[in-house]
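Enquirer: Chain residues, written in single-letter form:
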Amino acid sequence: NAGVMQNPRHLVRRRGQEARLRCSPMKGHSHVYWYRQLPEEGLKFMVYLQKENIIDESGMPKERFSAEFPKEGPSILRIQQVVRGDSAAYFCASSPPANRGGELFFGEGSRLTVL
Amino acid sequence: GENVEQHPSTLSVQEGDSAVIKCTYSDSASNYFPWYKQELGKGPQLIIDIRSNVGEKKDQRIAVTLNKTAKHFSLHITETQPEDSAVYFCAALNNAGNMLTFGGGTRLMVKP
Chain C
9 NAGVMQNPRH
19 LVRRRGQEAR
29 LRCSPMKGHS
39 HVYWYRQLPE
49 EGLKFMVYLQ
59 KENIIDESGM
69 PKERFSAEFP
79 KEGPSILRIQ
89 QVVRGDSAAY
99 FCASSPPANR
109 GGELFFGEGS
119 RLTVL
Chain S
20 GENVEQHPST
30 LSVQEGDSAV
40 IKCTYSDSAS
50 NYFPWYKQEL
60 GKGPQLIIDI
70 RSNVGEKKDQ
80 RIAVTLNKTA
90 KHFSLHITET
100 QPEDSAVYFC
110 AALNNAGNML
120 TFGGGTRLMV
130 KP
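Residue numbers (the numbering used here), protein chains in the order written: chain C, 9 to 123; chain S, 20 to 131.
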């Protein structure tokens with residue numbers, strides 16, 4: 009049973025380009041969470057999605073950031089017109105349906121570097 | 020929303036000694052408190068968790084205690100080993116049960 013799969017593991021972009029980060033949850037999991045981790049800092053919640061629905065995006069910057077979790081395929085975190093401050097590790101986590109207060113399973117992260 | 024504070028930010032111990040990391044939270048309705056270990060270049064992995072209906076939980080060298088009245092919980096690692104060196108995060112689940120708020124992390128260094 010494969011864990012949470014994130015790709016790419018490392019991504020380098022120039023300022024103004026777009027970054028797309030993908031996350032495939034664990035088999036049987038329908039809840040996906042994205043967290044951002046700046047160097048030497050903790051994990052900051054960004055967005056919580058279920059299939060075809062954004063449940064909570066209170067941690068998402070208002071501009072340039074978007075997330076989706078389509079009926080088929082991975083969840084995607086999209087950052088348009090990247091700036092240097094977007095450089096961070098982006099972690100995806102998943103949990104099973106009806107996960108009322110249960111464990112989140114994290115992927116290995118996607119490390120974005122903006123030149 | 021929930022606010023989780025974690026101390027210390029760095030902790031250095033000698034191999035074989037104990038390590039204690041403490042967290043406080045703000046939302047009295049939170050009822051699930053996991054601890055994650057993050058090794059360099061990897062994602063966080065759950066090492067132990069506790070729910071509000073118990074005060075203490077132990078798993079081999081790791082234990083967690085919870086004081087709901089004071090809204091704080093702690094991680095205890097006994098007989099530390101060099102492989103325990105990592106960053107540890109505490110977290111609290113919000114009232115709606117759909118968002119984990121993390122503390123700022125503790126970098127634990129176990130010196131052989």
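Rather than coming from a laboratory, the hints here were simulated on the basis of the structure.
Treat the hints loosely; a few may be bogus.
[To be verified] No more than 30 Å apart at the CA atoms, straight line, and that leaves these computed lysine-lysine pairs for BS3-like: (1) C:Lys79 - S:Lys77; (2) S:Lys76 - C:Lys35; (3) C:Lys35 - C:Lys79; (4) S:Lys77 - C:Lys52; (5) C:Lys79 - C:Lys52; (6) S:Lys56 - C:Lys52; (7) C:Lys79 - S:Lys61; (8) C:Lys59 - C:Lys79.
Enquirer: Next, verify each hint and record whether it holds.
Expert: These are the hints, each one checked on the structure:
| no. | hint | verdict |
| --- | --- | --- |
| 1 | C:Lys79 - S:Lys77 | violated (40 Å) |
| 2 | S:Lys76 - C:Lys35 | holds (29 Å) |
| 3 | C:Lys35 - C:Lys79 | holds (14 Å) |
| 4 | S:Lys77 - C:Lys52 | holds (28 Å) |
| 5 | C:Lys79 - C:Lys52 | holds (26 Å) |
| 6 | S:Lys56 - C:Lys52 | holds (16 Å) |
| 7 | C:Lys79 - S:Lys61 | holds (28 Å) |
| 8 | C:Lys59 - C:Lys79 | holds (6 Å) |
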